[in-house]
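Please assemble the complex out of the two chains, which come individually in their own frames, going by the hints.
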Amino acid sequence: MAECHPVGFRWVMKARERGATIIHVDPRFTRTSAVANIHVPIRAGSDIAFLGGIVHYILENDRYFHDYVVNYTNASAIIDDEFLDTEDLDGLFSGFDTEKGKYQIKSWMYKGVEPESRRPIQAERTDLTLQDPRCVFQILKRHYSRYTAAIVEQTCGIPRELFERVAETLCRNSGRERTSAFCYAVGWTQHTVGVQFIRTAAIIQLLLGNIGRPGGGIMALRGHASIQGSTDIPTLYNLLPGYLPMPKTKHDQTLEKYMRNNESPSGWWGEFPKYMVSFLKAYFGDAATKENNWCYDYLPTLNADHSHMNTVAAMADGRRKGYFLMGENPSVGSMNCALQRKGLRNLEWLVVRDLNLIESAEFWRNAPEIERGEVRPEQIATEVFFFPAAAHTEKDGSFTNTQRMLQWHHQAIMPPGDARSELDFIVHLGHRLKRLYQNEYDQPRNWPIRDLVWNYRMKGPIAEVDAESVLYEINGYTVADGKPVEGFTSLKDDGSTACGCWIYSGSYRDGKNMPARRTPHWEQNWVANEWGWAWPHNRRILYNRASADPEGRPWSERKKLVWWDENQKRWEGFDNPDFILDRPPSYRPSKDARGKDTIAGDDPFIMQTDGKGWIYVPTGLEDGPLPTHYEPEESIMKNPLYGQQCNPQRMEWHRRDNPYHRPYDDPNFPCVLTTYRLTEHHTAGGMSRWLSWLSELQPEMFCEVSPELARERNLENGGWATIRTARAEIEARVLVTERVKPLRLNGHVVHQVGLPYHWSSKGIVRGDAANELIGFVADPNVSIQESKAFTGTIEAGRTGRNRRAATSGPLAPEINPMPWERDLPEARGNHEARHGCKTVETKEGHR
Amino acid sequence: MPTKGFFTDTTLCIGCKACEVACKQWNQLPDDGFLFTAMSYDNTVSLGASTWRHVAFIERPEPLNGQVAGDFSWLFSSDVCKHCARAGCLESCPTGAIIRTEFGSVYVQPDVCNGCGYCVVNCPFGVIDRRDDDGRAWKCTLCYDRLRENMIPACAKACPTESIKFGDLDDLRAAAQTRVEQLHENGMHEAYLYGAGAESQPGTEGLHAFFLLADRPEVYNLPPDPVVPTKPGKQAWASMGFAMAGMALAAIGSVLLGARR
Numbered sequence: 001m002a003e004c005h006p007v008g009f010r011w012v013m014k015a016r017e018r019g020a021t022i023i024h025v026d027p028r029f030t031r032t033s034a035v036a037n038i039h040v041p042i043r044a045g046s047d048i049a050f051l052g053g054i055v056h057y058i059l060e061n062d063r064y065f066h067d068y069v070v071n072y073t074n075a076s077a078i079i080d081d082e083f084l085d086t087e088d089l090d091g092l093f094s095g096f097d098t099e100k101g102k103y104q105i106k107s108w109m110y111k112g113v114e115p116e117s118r119r120p121i122q123a124e125r126t127d128l129t130l131q132d133p134r135c136v137f138q139i140l141k142r143h144y145s146r147y148t149a150a151i152v153e154q155t156c157g158i159p160r161e162l163f164e165r166v167a168e169t170l171c172r173n174s175g176r177e178r179t180s181a182f183c184y185a186v187g188w189t190q191h192t193v194g195v196q197f198i199r200t201a202a203i204i205q206l207l208l209g210n211i212g213r214p215g216g217g218i219m220a221l222r223g224h225a226s227i228q229g230s231t232d233i234p235t236l237y238n239l240l241p242g243y244l245p246m247p248k249t250k251h252d253q254t255l256e257k258y259m260r261n262n263e264s265p266s267g268w269w270g271e272f273p274k275y276m277v278s279f280l281k282a283y284f285g286d287a288a289t290k291e292n293n294w295c296y297d298y299l300p301t302l303n304a305d306h307s308h309m310n311t312v313a314a315m316a317d318g319r320r321k322g323y324f325l326m327g328e329n330p331s332v333g334s335m336n337c338a339l340q341r342k343g344l345r346n347l348e349w350l351v352v353r354d355l356n357l358i359e360s361a362e363f364w365r366n367a368p369e370i371e372r373g374e375v376r377p378e379q380i381a382t383e384v385f386f387f388p389a390a391a392h393t394e395k396d397g398s399f400t401n402t403q404r405m406l407q408w409h410h411q412a413i414m415p416p417g418d419a420r421s422e423l424d425f426i427v428h429l430g431h432r433l434k435r436l437y438q439n440e441y442d443q444p445r446n447w448p449i450r451d452l453v454w455n456y457r458m459k460g461p462i463a464e465v466d467a468e469s470v471l472y473e474i475n476g477y478t479v480a481d482g483k484p485v486e487g488f489t490s491l492k493d494d495g496s497t498a499c500g501c502w503i504y505s506g507s508y509r510d511g512k513n514m515p516a517r518r519t520p521h522w523e524q525n526w527v528a529n530e531w532g533w534a535w536p537h538n539r540r541i542l543y544n545r546a547s548a549d550p551e552g553r554p555w556s557e558r559k560k561l562v563w564w565d566e567n568q569k570r571w572e573g574f575d576n577p578d579f580i581l582d583r584p585p586s587y588r589p590s591k592d593a594r595g596k597d598t599i600a601g602d603d604p605f606i607m608q609t610d611g612k613g614w615i616y617v618p619t620g621l622e623d624g625p626l627p628t629h630y631e632p633e634e635s636i637m638k639n640p641l642y643g644q645q646c647n648p649q650r651m652e653w654h655r656r657d658n659p660y661h662r663p664y665d666d667p668n669f670p671c672v673l674t675t676y677r678l679t680e681h682h683t684a685g686g687m688s689r690w691l692s693w694l695s696e697l698q699p700e701m702f703c704e705v706s707p708e709l710a711r712e713r714n715l716e717n718g719g720w721a722t723i724r725t726a727r728a729e730i731e732a733r734v735l736v737t738e739r740v741k742p743l744r745l746n747g748h749v750v751h752q753v754g755l756p757y758h759w760s761s762k763g764i765v766r767g768d769a770a771n772e773l774i775g776f777v778a779d780p781n782v783s784i785q786e787s788k789a790f791t792g793t794i795e796a797g798r799t800g801r802n803r804r805a806a807t808s809g810p811l812a813p814e815i816n817p818m819p820w821e822r823d824l825p826e827a828r829g830n831h832e833a834r835h836g837c838k839t840v841e842t843k844e845g846h847r
Numbered sequence: 001m002p003t004k005g006f007f008t009d010t011t012l013c014i015g016c017k018a019c020e021v022a023c024k025q026w027n028q029l030p031d032d033g034f035l036f037t038a039m040s041y042d043n044t045v046s047l048g049a050s051t052w053r054h055v056a057f058i059e060r061p062e063p064l065n066g067q068v069a070g071d072f073s074w075l076f077s078s079d080v081c082k083h084c085a086r087a088g089c090l091e092s093c094p095t096g097a098i099i100r101t102e103f104g105s106v107y108v109q110p111d112v113c114n115g116c117g118y119c120v121v122n123c124p125f126g127v128i129d130r131r132d133d134d135g136r137a138w139k140c141t142l143c144y145d146r147l148r149e150n151m152i153p154a155c156a157k158a159c160p161t162e163s164i165k166f167g168d169l170d171d172l173r174a175a176a177q178t179r180v181e182q183l184h185e186n187g188m189h190e191a192y193l194y195g196a197g198a199e200s201q202p203g204t205e206g207l208h209a210f211f212l213l214a215d216r217p218e219v220y221n222l223p224p225d226p227v228v229p230t231k232p233g234k235q236a237w238a239s240m241g242f243a244m245a246g247m248a249l250a251a252i253g254s255v256l257l258g259a260r261r
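Just so you know, the sequences run in chain order S and G.
Residue numbering for the first sequence follows our numbering, beginning at 1 and increasing consecutively.
Residue numbering for the second sequence follows our numbering, beginning at 1 and increasing consecutively.
Cross-link-like lysine to aspartate or glutamate pairs, in silico, EDC-like; alpha carbons within 16 Å at most:
id : chain 1 : residue 1 : chain 2 : residue 2
1  : S       : K741      : G       : E59
2  : S       : K741      : G       : E62
3  : S       : K111      : S       : D132
4  : S       : K741      : G       : D71
Honestly, the hints are just simulated from the structure, not real lab data.
Just chain G, same shape as in the assembly (with noise of 0.2 Å):
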């Protein structure tokens, strides 16, 4: 089975938040209250146990490449879970419920969790959350439902500018390669992929939802350079080796000069 993910080009969100309904809905996920923030468009926040895409509005004072407005732009950003090519969550789930599926999509098993929240931690984008009333963590399943019957993530099929491109994961890198340079060519030279390999992000080895962004990443108030906890682990142990080989040694060392005289 090839791996299934999201690219999300910014370039043609418009803002609608017909990703974030069409999740509540086919999941039957509840509302996560009425709060105005007055943060620009942006009355979602954040990602959560119960909101599983979330639309970022971004008011810049400055220019966008390729538009004439003043010194103003609005950037739009339809953030999900990433499915990392190495998931903080999956590696730091106790129980195993966080598993790996056949698509390639990092799944919570809802009959597993037990609630203890060890993912919520390890999650470098603050992704996964647990429910209040019902304890257990949640998050985006890239419609593991939906892909069992061939069809595709319901965000996917309502964005109506597909922003949201859905498909296999190779192909649509090699799409967004394409877009990337075509937006060069027309002088937006500011339009990168964020998460599209582990060479750009080595610390998550890539992301199965990634994106092309016009801005830095803490814009978007994603992190810059996430690196999986558990990523580093084989470095952990090998400088709590190190520390305990230093420390053995010191000990032997101390009790040695001690004994000379």
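Just chain S, with the same shape it has in the complex (with noise of 0.2 Å):
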């Protein structure tokens, strides 16, 4: 966190100095371990078994927050009595179906429960004493029964005593009285398993009782200022703002149907029709009415899993025409970049919006295929745009951080020449292109745009679209008189609202914008919501219900956030109660309660379908109602735990130009490779790469090796070193460092290599981009790629191979990848990977 976020970083600075005790668990010691008080050297892509160790230790050693468990987690759940655990199956759960290479989940589900029924999911058999062998407690028992501390240290590297002081630690400070808190970022998500990562960090705070209170919780750390906004109003291809699906041609053709498929017969998302129909009315105000549907037959639908590595892929078989790249530098920053390149280059036409030209924008003059010859500019077709960027001193807008909070950012100086804010170029793509199809208006096919509500003021010398007048409509407003709302509880399916993201309404209510306000500490409370605004409602604490007992009182006076007042008979709290103000802790649903009135006075998981929090996922997981020890896709040993290696649901791209390596002992790539960021650079470096002051805190290329791999190999610090995998070789300068150190695995040594990813071909400092190593590879849930461990080897020297990629051809015969022995049937030759979603081709092409 000190590395990639050191304004934040401060936070836990004063938590240290407060007495916290600050715990690392990292491949290598960074310059958060330095200031840490517990540094945890782990394997790159062996949390869960770490994680999963700790479950292990609350549970063997009694040490869970019995009250809290038993209250609000789904712990007591009586599971369908078909359900098998891995422990049974050797790594898979039951309903792996072989042919289909996936799972049919009816056996996860709740006992007595019908997934597709159009009763609430709530555990209808419970046993509060957690004794049932078929509940989930004691399923979670039996799952990590084998994760002892002798697995840990042979799995992750991590000795014995060591572990056991993190785990004695973080029980010791959990409880009524303490709260610990998780905080993690790509180090957890860029894997096959990524987000059962976090689902056992969930697990181990929920046991803990650290969900919903102060000191508590869980922190994604993303990746930049407001990437939490790019999924909440999103630029994802499967989400519509606010985190409404996306349609899906095969199954949501019509308006009914889609509300049938998503909307929740409990909890929260049982209001899902208001936010869906206030969406639209935002989208297409007057034109949208009841009689058509609210117009929903203009959004576009899902045919296929249309994500990034899927449609890169698409791209570089010539199936894609043109591409929009704005703020983003996929040549550098993602994974496998001599295929990304590919890609653009079979593009008949490319958008790039940034900075400066970056590598992305250059691929078709300057690119290491083109160096090498292999490529010329001349064979390239593509049509590339550049239009120079607004940087965000010079525009109005506001950041979403990982606290979900908006803060407001005001234009300090008019942007220079033609540089525009991305507001400004689509709002006005957009006037044009209801300008070009204005004389084709009678067609169906162009009603979307005609209708499209698009009135946003202007402002200032260049009339520039005023970022305001997106808030405003962001938070929503009553049609009848436009005026704003206050919040998503206002919004209704009858068309007299409009909202273009109901998490966010309440961000301009009254016309004010919250997330400009900058009140100072020292005239409010510790919880400081009058600084910003944060979704949902300006709560700071997601579900701090569950800081206070089922009687609504808080577990203790140090920690107390939020409590029933008996007297008023409402909650009260520091935080705004993420809950139903009104609402009793005595309350109970009764039979035929619906949507929000099946939430009881003691459920504080309310976005849940039984208010509960989620120990073990009956739904909503491709690869397992609990997490499971998978190893990475490019592994250096056998999964010590189970026959089944890697994750058998993670999605694979079997093409000549992504090779794997064999999954473990592959004997031309024994080291585990690492990739990450410094803090000197930003991500692809498009922001930094070209700013003397940041390029020259770190101006070259280097990987980080340990002393005993430096002398195996022959590495001289400040020297040169090849880095290879079947995807690509790179050359980086070697950094011999004791900060990395080699693993003692089952009486073996592995060594690990770290790679910086800033940089590539173009700025003031250039190298080698360390994403060309990584192949396409990814988790199912989220489609996210795995670069945080992988295989590759490493020698001394710059070897003269010219730094070739496989997309060019096998490396050399002797790495040709050979057959080996997968853990599943080979996947068929689709060059989309399986998903979920499968591509249909319309007569049109994709729609």
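Spelled out as structure tokens, the structure:
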């Protein structure tokens, strides 16, 4: 965190100075480790074994917060009789269809609940004593029964005493009087089991009673200032604003079907139609009426998995025409850079918006394959348009950070020359499209453009779009009088309200720009919710009902946050209560209750269908209701816990230009490689490698190796090395340091090589891109790449093989991957990875 | 005007180099070249004419008190001009370009400096240097221009963990003493102040930018007992006078002895 969020890290330092224990778990010793109390060196990719070990420790030693677990989690729920755990099936859960390569999740469900039924997903049977062998608690215990300290040592390379010290420290600092927090970033997410890493942490925090309490929780640190906003609003292909699901071509042909498929009969998500209708009204305004289903048919629908890697693979095969690339540099920042550039070369047109001429804009004349002479600019037909972008100081707008807090930033100076904000670009593009099609508005295919509400205010000498007018639309308003709504509870499904993003509703209540608030901390309480605005409803800690016991009294005076006020008959607190304000702790829903009426007075987890924290996830994840240690796609050891080596649902792309190594014991690639950032640079370098003051701080691409590896491979500190995988080879300077340690696993020494990924071929300082080495492989739930743990090899010197990549053919006969025994039947030769959404070709190509 | 200064508490430094960049940006200093040194994460190497804040990175094969990380620790320290109470650069400057400001800081007036370089060899810390392109001597100004507008120096403003503390020197010295005592109480006995006053550093009579360190000064590339070369001036004159007297005695003596014959 000190490396990538130095300013946010000030709070960690303050906590440390006040006596908090900082534990840093990371394969390397970084600037965070330097100021932490405990550093835990871990093999990259083995975190589920480590976290599962902590779960085991908590259960073995009875350290869980009993009242919290019984009342606030689904630990007591009884699971379907047909359910079988990974302990029974050597690494698989019940329901794996080897034909389809997918899980049928019926057996994972709560006993007696049909997943497709319209009844609320609530556990029909529970055992509050947590003794029934079919209850979640006992299943959990059994699932992690072999995750002992010895296994953690063997799998993760963490010495036993150190592991036990960490587990004990965590347990001792949790409970009524004390809470502990987890913070993570892409070291956890960028794995084929990334989602399950976080799930294991969620289980720990639920067992210890740390969720919804001050000083507890799990904080996701993101990659840049507003990436939370990029999923909230969003820029993801499978989501509409506010995490409304994108309609699917196959299942959601009508609004009615869409509502039925996504509505929940219980919990807050039961309000879903109000959010969706208001959203459609925001998009299409007066044209959206009840009769035409609020113009639902105008929305594009998902006919396949259009996630990043699938799209790029399709581009590389010439099946995509155009691409907008805004503030992103995939030629450096995304996996298998050479394949990314192959994708760009096969487009008809590309639009790039950035502060500088980044590598992804220059791929056609400046790239390793062009330098080698393998590809010539004359061969590339892509028409590239580059638009200079305004920097954040040159435009109004907001950042949404990892606390879900929106903070407004104000334009300080005018953007230079033709540089403009994304907002300006998109709004003016929209106006031009409307003008372009205005003579063809009789054709139904142009109605979405015709009817799109696009009346944002302009302001200033160069007629820039007023960002506050967008915030107003995001907040929502009553259609009749245009007044901003107070919050999402005001939204209706009868077309009388419009709202761009329901979770942000309330950020512009009464026409006041809430994200722009800067009330200093000395003028408010310690929660400080008058600084900026957090979604939803300016609640700063989600699920904070859990900070009080089932009767509504804080678990302890020291950790009080919200509580039930019996006199006023409402919830009060330092934070805005994340609960229905007038619902007493004693409320229990009637048998035929629907929607939010099903939320009992002791159900803090209001977004879940049963109001409980899900230790066990009966539905919603592709790869299992409980996290299981699987090795990365490319590893250096057999899975010590199960026969199932890797995540059975991981996504692979079987292409000549995306070869994989052996799952373990690959003689050509014996080192563990991991990528990361440095404080001095920013992600793919577009914002730092063009600035001299940052570039001089870290001027060259380098790799970090231990003194032991340096001796073994004749690497000299300050010298050069070539790092190679089956995808590509790169050169880097060498930094020999004790901050990288060899791992001792099962009697063998395994070396790790660290690779910062900031450099590429343009800018003031240049170097080879670490991500050239990584292949396309992804987690099944959110299709995030596995870039934090893979294998490779390193040798001293610049080997003069001209840094080739697999896009030009296999690197060398001897490292052409041989057929190997994998843990699954060979994926069918589909150029798009199977992912739950099948590709459907319609007559006009992809809709 | 009370004397202003820096108290740099290196136990709070996270090595982020915001201080280096803030200083360069405020003063519009040029870069010093793009050189990969392989010296841990330190590619800046030293203070100089165009680098007025420099973060040192020290990888040590011994643990830090209060930390569980095997036999290893990594220390960071943001180095800066010390604005010594007796400044070697100031006392050796023949043109009077280097002055003591109303804030007690040592400031090089760029319009007076003739680039003679006497100051460079008189700094016991190797802080000040001449720029190749324009020949003049440059160093940290303690953000003189910002102080005159009631702002704090850029580096102190940028430091996210308040490792760099700016304020009245007396207050800083008191706070630093409290901090050292607190660290000692928590078991970190190796913490101490470097240059906090004339008693602990007679050679400079105390630094206006002093430090809290966790290892010997040499580990941070700081001199353990810096002495401003002009300080022993009186002694130097006295020694010379003594030597001259001695030589005169010897000369007269030898003449007298010779005359006896």
